[in-house]
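Line by line, the protein sequences are chains B and S.
Per this note's numbering: the first sequence = residues 11 to 509.
Per this note's numbering: the second sequence = residues 22 to 180.
Hints were generated in silico from the structure; no laboratory data involved.
Glycine included, C-beta positions come from ideal geometry on N, C-alpha and C.
Among the hints, erroneous ones may be present.
Here are a few chain B residues that sit away from chain S, every Cβ distance over 10 Å (derived from the structure) [claimed, not checked]: (1) 15; (2) 63; (3) 255; (4) 294.
List of simulated lysine-lysine pairs, DSSO-like, C-alpha gap at most 30 Å [claimed, not checked]: (5) B:109 <-> S:103; (6) B:294 <-> B:109; (7) S:77 <-> B:301; (8) S:145 <-> B:226; (9) S:145 <-> B:392; (10) B:250 <-> B:301; (11) B:392 <-> S:103; (12) S:145 <-> B:109.
Label pairs and their in silico Cβ distance ranges [to be verified]: (13) S:152 <-> B:146: 47 to 57 Å; (14) S:83 <-> B:297: 20 to 30 Å; (15) S:110 <-> B:435: 13 to 23 Å; (16) B:108 <-> S:152: 25 to 35 Å.
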Amino acid sequence: MDLLTALQMVLQPHVLLSILLAELFGVFVGAMPGLTATMATALLVPFTYFMDPVAGIAMIISMSAVAIFAGDIPAVLLRIPGTPASAALTIDAYQLGRKRPVSTLGVDLFCSMLGGLTGSLILIFMAPTLAEFAANFSSVEYFWLTMWGLSMAIVISAEDPLKGVLGVIIGFMMACIGIDPVYGYVRYTFGRLELLSGISFIPAMIGLFAIPELLKQISNPKERYVIKLSMTERVFELVKEVLRKFKSVVLRSALIGTFIGALPGAGADIAAWVSYGVAKRTSKSPNEYGKGSLEGVVAATSANNAALSGAWIPLLVFGIPGDSITAIALGALMAHGLRPGPMLFQRQGTLVIALFIVFILANILMLLIGYLSIRLSSNILKVPRNTLVPIIAVFCVIGAYAVNNSLFDVWIMLTLGVTGYFMERLGIPIPSVVLAIILGPMVEFNFMTTLIKSDMNPAIFISRPIAAGLAVLAIFTWVLPFLRSRRRYVEGDTGKLGT
Amino acid sequence: MRDFIVGIVGLFIGFLFILLSLDMPILIARGYPGPSFFPIILSITAIADGSLMLIKYFRKRVVSGSIISTNKTVTLRNPYLKNAVIFLIIITTYITSMPYLGFLLTSFIFLYIAQVIYGVSPIKALGIASGTTLFVYVLFIIVLKVVVPEPILGPIVYR
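Let the sequences and hints guide you as you build the complete structure.
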């Protein structure tokens, strides 16, 4: 009976229209580097005040789901992630997109939908259990979880793990700039007020990914991005292969994404990296990673959309937002007189079911909106570089500027961009730097608070069962690439000496 | 050669960060870690990482008897590098002049000049520069209400 009432609430024309409009807005914002899903949610909230709760919240859910997918579009086509959640797509999805841009985006869209649907189903059926488990996490577990996430920086640095470590350290050092997260001490700002809040993540990400790519592309200005863009390439032509070979990867990535999304503070960006790293480590063909592995694309894109649903688990069950989008959504829910928490399920059960239906519907509708956006967006590859590169540069500048309305951020973007260009030439992986900038503050905060809580007793790091399990996992994933690299080196030496 | 440069970079940033951390306490009252505790750990790791890279580089050199036999050489000079340097100069000029000429005007000039320099016909470049500037104006200034830098002589467009 509740289900029927909830269906009636959702299948109203004005609710469906709101979902559709929000998805169009989501495509636009997500595909624009510098405009994040969080920013778009914040822009959307004032509109939702004038709507009924189901339509208003449906708009936020639909827009954020599509924005995460749309962020993958520039990552695949231009190696410029539209949102931080798409940064993991700049490796294999970009490489595959150079050969088959339309069908790579098709796989991305399809897996985003599957990931989102799986995450939604987990949200519907397992929300209370997962939220309870995540609530047991203290700073120790968070420390190991972030260290595990960071180990992906080493896994993705195929050439040399030592260079991956250096990338992580450079990212960490950038994250140390500003007010220290434990004592509030001002560090490495050189008297610049703009650096008090640290290096803004969005300008850093735009600079590190976009500027080196633009410099590379403009080196040969009269070429097009993809010279032989097949006009007959179908959007979903790689989907069959995904369903045949990578069903388990989709499911596992969606589970990882939902779980990480459910952890407060850990969002779709971390989920995508962790899932990508796990997929590479467990893959039968890890050597294909970095060269356009379909499996790598599937893993990253399934996880980032699943994380979005996962972030709603602690919000709905405990009233604790799982990420910045749900933090804004919490405000919108409360503005509509809804107080998330266990009582929400008892007092407004029908409304909760209606929201669950919206999750399913938004992910299915994404297929239609996403299809149209792929068809339109892939046309940019036909534009010559000497026209496209200056246009993208202007969007990078305004994207970096719009975060804090500060020209200083634009300079940060450019400086990091040039640094990134040279780092790439030296083989230091840019994704490792970006991952460390994202996770740096969390690692430092959890490391320091754990040490202070335990009176500097390092045993605390393995004293709790979940922490010990995560520690083993993290240490294993950190050490394994070094062992592999050592073995390759020894085998190489032996080979040389033998000849 | 790349390993050698990366090793030097690791050592350099490690020592630089230690130097910059000297005016901050490593430990505070009761022996608790201070604000430079974590950065110092990072610096030591950077120095260790850089040293390992150098050791690896020199070991390869000994094994192979040649400096660059197992490393790709760093080719900072190539026929196309000139284009990248020109682009950097234009974009730096664009950002530098923004506080004086305003965002819209500088964006238009940047778009036009960059396209013409890289071989787009002046008429086509004019059209694309105008269209892109108009799109950016509508999206960022009118819709998203981003407060962009204005020319020092005052705003030139309606917001």
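Query raised in the report: Does the structure break any of the earlier hints, and which numbers would those be?
Result: Violated hints: none at all, because every hint is consistent with the structure.
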